[in-house]
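Model the placement of chain B on the given structure of chain A, informed by the hints.
2 protein chains.
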Amino acid sequence: MTITRAACVGGGVIGAGWVARLALNGIDVSIFDPDPEAKRKVGEVMKGARRAYRRMATNGLPREGRITYAKSIAEAVEGADLIQESVPERLDLKHKVLAEIDAHAQRDAIIGSSTSGIKPTDMQSAMKRPQRLVVAHPFNPVYLLPLVEIVGGEKTKKKHVERARELYASIGMKPVVIRKEIEAFVGDRLLEAMWREALWLIKDGICTVEELDDIMRYSFGLRWAQMGMFQVYRIAGGEAGMRHFMAQFGPCLSWPWTKLMDVPEFNDELVDLIATQSDAQSGQWSIRELEKIRDDNLVAMMEALARGDGGKGWGAGELHKDYVKQLGKAAKGSKAARKRKAESPANTLEPKSGKG
Amino acid sequence: MTITRAACVGGGVIGAGWVARLALNGIDVSIFDPDPEAKRKVGEVMKGARRAYRRMATNGLPREGRITYAKSIAEAVEGADLIQESVPERLDLKHKVLAEIDAHAQRDAIIGSSTSGIKPTDMQSAMKRPQRLVVAHPFNPVYLLPLVEIVGGEKTKKKHVERARELYASIGMKPVVIRKEIEAFVGDRLLEAMWREALWLIKDGICTVEELDDIMRYSFGLRWAQMGMFQVYRIAGGEAGMRHFMAQFGPCLSWPWTKLMDVPEFNDELVDLIATQSDAQSGQWSIRELEKIRDDNLVAMMEALARGDGGKGWGAGELHKDYVKQLGKAAKGSKAARKRKAESPANTLEPKSGKG
Chain A
104 MTITRAACVG GGVIGAGWVA RLALNGIDVS IFDPDPEAKR KVGEVMKGAR RAYRRMATNG
164 LPREGRITYA KSIAEAVEGA DLIQESVPER LDLKHKVLAE IDAHAQRDAI IGSSTSGIKP
224 TDMQSAMKRP QRLVVAHPFN PVYLLPLVEI VGGEKTKKKH VERARELYAS IGMKPVVIRK
284 EIEAFVGDRL LEAMWREALW LIKDGICTVE ELDDIMRYSF GLRWAQMGMF QVYRIAGGEA
344 GMRHFMAQFG PCLSWPWTKL MDVPEFNDEL VDLIATQSDA QSGQWSIREL EKIRDDNLVA
404 MMEALARGDG GKGWGAGELH KDYVKQLGKA AKGSKAARKR KAESPANTLE PKSGKG
Chain B
104 MTITRAACVG GGVIGAGWVA RLALNGIDVS IFDPDPEAKR KVGEVMKGAR RAYRRMATNG
164 LPREGRITYA KSIAEAVEGA DLIQESVPER LDLKHKVLAE IDAHAQRDAI IGSSTSGIKP
224 TDMQSAMKRP QRLVVAHPFN PVYLLPLVEI VGGEKTKKKH VERARELYAS IGMKPVVIRK
284 EIEAFVGDRL LEAMWREALW LIKDGICTVE ELDDIMRYSF GLRWAQMGMF QVYRIAGGEA
344 GMRHFMAQFG PCLSWPWTKL MDVPEFNDEL VDLIATQSDA QSGQWSIREL EKIRDDNLVA
404 MMEALARGDG GKGWGAGELH KDYVKQLGKA AKGSKAARKR KAESPANTLE PKSGKG
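So the protein sequences, as listed, match chains A and B.
Going by the working numbering, the first sequence opens with residue 104, and the numbers climb by one from there.
Going by the working numbering, the second sequence opens with residue 104, and the numbers climb by one from there.
Isolated chain A (complex conformation) (with noise of 0.2 Å):
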């Protein structure tokens, strides 16, 4: 199952990511977003995700998407099979545009929040048609990164989170299906654990933010790029395995290494000691540069990756060599039917995805 058209409505960070990941898989997507700086935002992500597709894509890419600004939800919407929302995190935002997605989407069309942590059955309320929205939950860089936590709320049918699921993974993603709605589902879950626990060691000056990144970057990141947490503690339990593991560090969550479990006051002057220390860290790059660095690492990494577990690929590095192959072969589908167009007077293009 294939996406033949899409609309993004929201183009922040997330939701430009989004157009960039569809677009450079070929795909047509029609944006809404009434930030009158969006097409130059847009813009600066998409010339980003370019450099990163090119360095990335060794077999080649298919003919880029068309992108294009709509000047309301109903005009992103028409004809679009999935509909990604990326509006900021407001409850009542999120039910205004939903609903007005809902009354102009296609009737089986998929409708996917990036939310990070709304429960999805808390937006279907504002919708006549909820049995269509999943939470598409991407991460930021979305063209790079390839998990997307899939959540279905109360009403969401069983058969349109198979079809995400589908849709999703048909774009080079690793959809992963929440068992249980949640608030912040699994990943922001995780991320909040570590953020609260990160303030607190900053907060009390036990480190610097420079520091902390460090001691993240330098050890258990490198594990967890790969294995993941439990995997990980697997082989750390030696020969005997997880049991032995479990049973040795089991009873530290009992002692003091947990004790600071409430939230550090968000102040300003924890603002300002952050963002004090984050200049004197990365002062030196442009956030455009960090970016860069940043694309050029993930590729990198998930082309080590790719050659893991004696060649056959292993975690996002078996995904990326599919990905790879996979645009290579939507490039040649699309170079054939340049030239098939080239060749024939009519245009033999499905009318959708013909780029004039």
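I should point out that these hints are in silico values taken from the structure, not numbers from a laboratory.
One should not assume that every hint holds.
Pairs count within a copy or across copies, as identical chains cannot be separated in the list.
Quick list of in silico lysine to aspartate or glutamate cross-link-like pairs, EDC-like style, CA-CA up to 16 Å [stated by the list, open to error]: (1) Lys231 / Asp382; (2) Lys174 / Glu286; (3) Lys395 / Asp412; (4) Lys231 / Glu203; (5) Lys144 / Asp375; (6) Lys222 / Glu257; (7) Lys261 / Glu284; (8) Lys306 / Glu368; (9) Lys283 / Asp307; (10) Lys415 / Glu392; (11) Lys261 / Glu147.
For chain B alone, kept in the frame of chain A given last:
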């Protein structure tokens, strides 16, 4: 400043990892571990470490240091300028072992404890010369992951912290000196936060251990391996940077995303659930096979990062590049020394590092 001779007290997963890093840097290591299986277990780790180093040391490796098994702590620490303690995490045991190390170590030897969380001040009470004790907390696999958290206690002298920093850096590590002594330091505070949250997610049936691992390794794991958390969020703030990000996501701290902050009950049911899911996820590989896959991935990812930032190297990759060069230089050094020795009837080598 370099290490001439090292002693490792405790030869489990962590202790053996230290032995491997030291020996592969050409340093003689004496081990004390009362476990009758110690020699076999250290041998297994050495086998894995040699394999990884052969792969990564593209400029050659120094002649391996000699590994000897001592009958007592006194015998092990004799003549060592670095003594690494890696015994189980029980304060009474640490006291007993450190007192014995202290009594027999060279006056100016650095004593590093591998503890993940016990405060150095709490360990120093058993020592007569506590000023040279630091926590030097590494991450598994010690022979590949570069991070070591250096923590001084109330009685640790600054110059010994500085010397420890230099000694660990000399064997390719990234020492980060922790500014204030707290239980679990920085690394294990972060790991515990993540672990606690993960246990909730599994216990509540939100996802399986395999799904949770996938959620990490197809998304933020790849981000953290190269940049850590704060630098990543700086980028997420977009053109407005860190302050914008903080303003946008700060309020989530008081949302229900963080409501489950107490400690899940750690009972047999939870251990069973996790061990069973872990078998389903990884049962097809032995621990040794998983270790090989992990080590290959770690080396490949560090090599990938060594090409980062336009070839300058980035994060763990920048260090990796230097480490490979350093091993290569040492390789030439030991080759030259072997040649000199072969040409001369008298052994002109420093007796401590001569291996007959």
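Consistency of the hints with the structure:
1. Lys231 / Asp382: neither (47 Å within a copy, 44 Å between copies)
2. Lys174 / Glu286: Intra 32 Å, inter 56 Å, cutoff 16 Å: neither.
3. Lys395 / Asp412: So Lys395 and Asp412 pass the 16 Å test across copies only (8 Å; inside, 28 Å).
4. Lys231 / Glu203: within (10 Å within a copy, 75 Å between copies)
5. Lys144 / Asp375: Answer is neither: 27 Å inside a copy and 49 Å across each miss the 16 Å cutoff.
6. Lys222 / Glu257: within (10 Å within a copy, 49 Å between copies)
7. Lys261 / Glu284: within (14 Å within a copy, 51 Å between copies)
8. Lys306 / Glu368: within (9 Å within a copy, 29 Å between copies)
9. Lys283 / Asp307: between (36 Å within a copy, 9 Å between copies)
10. Lys415 / Glu392: between (33 Å within a copy, 14 Å between copies)
11. Lys261 / Glu147: Result: close neither inside a copy nor across copies, 37 Å intra and 48 Å inter.
Checked against the numbered hints given earlier, the structure breaks hints 1, 2, 5 and 11 and satisfies all the rest.
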